[in-house]
Amino acid sequence: MYIALLFGSFLIVLLLGFPVAVALGVASVLYLLAKDLPLTVLPQTMFSGMDSFVLLCIPGFILAGNLMNGGGITDRIIRFANALVGSIRGGLGLTSIFGAMIFAGISGTAVAEAASIGSVMIPGMRRAGYPVSFAAALIAAASTVGPIIPPSVPMIIVGTLTGISVGRMFIAGAVPGILLGLGMMLTCYLIAVRNGYPREPWKGFRELTRSFGGAVWALLMTFLILFGIVGGFFTPTEAAIVAALYAFVIGLFVYRGFTLKDLPKLLIDSAVSSAAIILIVGFAASFGWILTSERIPQTIAEAVLSITDNKYVVILLINILLLIVGMFMETIAALIILFPPLLAVATQVGIDPVHFATFAVLNLMIGLTTPPVGVCLFVCANIAKISLVDITRAVLPFLAANVTVLMLVSYFPALSLWLPNLLFD
Amino acid sequence: MLVRLFGSLATLLRALTGIAFAVLIAAVLLQVVTRLALPVSPVWTEELSRFALLYLVALGGGLALRTGELVNVDLLLTALPERGRRWLEAVAMVGVICFAATLVPPALEFVAIGEFQTSPALGWQMTWIHLIVLIAPLSLALFAIERLVTLALGRGGT
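Read top to bottom, the protein sequences are chains A and B.
First residue of the first sequence? That's 1 in my numbering, and the numbers climb one at a time after it.
First residue of the second sequence? That's 1 in my numbering, and the numbers climb one at a time after it.
There may be inaccurate statements among the hints.
Stated by the list, open to error - Here are the computed lysine to aspartate or glutamate pairs in the DMTMM-like style, where the Cα-Cα straight-line distance is at most 20 Å: (1) A:Lys385 <-> B:Glu115; (2) A:Lys311 <-> A:Asp352; (3) A:Lys385 <-> B:Asp74; (4) A:Lys203 <-> A:Asp75; (5) A:Lys35 <-> A:Glu294; (6) A:Lys265 <-> B:Glu69.
Derived by calculation from the structure, the hints in this document are not laboratory data.
Go ahead and model the full structure; you've got the sequences and the hints to work with.
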């Protein structure tokens, strides 16, 4: 009854266009009032939900990404990707996907990815004669690699919630991220061959090596983060701040894309973007506290386990549930509310927590490119100025490729666990 | 005039948010450098960086509402004609303000609890840190009011 009030009011205010963070808070307040519980629960749980050292990663990585972007990294990455794969049929499409994979190593969110790659490549592909709906859909789909290839904001949030090592999750995302990219590149190639999309002229090895010189600083940042964490030099939080410092030096002295005068704006814009994410984390912590006190995680876990305790069927059920939830709900809120109960189910049937985290995050990222609430779809449709219907139709083949990779990652734990086990043990 | 007032408040909040972020970065960098280069490192850097983050979120939350970065579901919004959209947005903003107002008394209570606690490493009275649960709803409400004002003025104009 009270739970129906909690979820009902949450969905209603969400639909009315309240910010997600506030919707979580409003539902929590109504629940507390109805149950005659003290409202102080709200500030208390919100405070403790945000008072975490791991969350500090988020502003750090966002700042690092913005500094690299301000330095003009996007153009350099795309130039390199184009020199490498542009001469294959569907070259600009492949360039976008490959570029998105490199960009993923410096950005932690899919939306940042869709916006930066999309604003360059959607007009570019249109000029080269690609259907604009194909271009927009491709980039929306490609942007989902952002939070799979480390660094990853969703994985940081999972680490905050559950205490699973963020470093391990980062490394675990590497192979699935590359698979995801390759799967989409294959899809793009097949569509390009069938429809006779253009290819770019081969620009020669000279251009390849020269453009690599521009893009290498982005790759180095990814390695700095990963080796810093794996080598035990710093925690993920410290890695985020060190990465930001690195991006600052590269942007200022190597790329010369911004000056010291631009720094306050970059700093503050990054802080505001981070605040938007962490505020959701805070209010979702209150919401989550209520769910826990109502024993919702246990109820869900029991319900799933009463259907089956077969590990493979459980993986399938979790994936179906997350895909549906991911279609309708904002990712971070979905993560915070659903991750703990589903983790309980997963560990009970013997799924490794890091493996579970990898396919759960991957799954929710796919939700970013499905209607009706796919943020990346919105961003790209907006840049391309096409309707949601057009981009949705065009994204289907890429969606199929991504779901295939999701299934592979779900059923072959080695894809996610091999690398972290190799590096950490 | 009113619009200008909100503009300057936003500038002030942006500056404070930036300072919180700068403190955060300085604290973490100090932590890394001292641990890697010196035999001893200060114990308070971790605590200071967490506190800076809390202030960053509380101050920046309202600004995020202002820039539209505080995500919402615009399924219904985009389906409506222009006039309906404005009304619905106004409803959401009134909702944010009411929610913020509801939070004030429990937030004050939580701030008062901080009086009996000091932070373990820095020895600061927790009142000042607990204050962020009051600042967050206030900064949200502030810019929700601004949005309401611009919505009202915009409608007067058309």
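Exercise. If you check each hint against the structure, which ones fail?
Worked result: As far as the earlier hints go, only 1 is violated by this structure.
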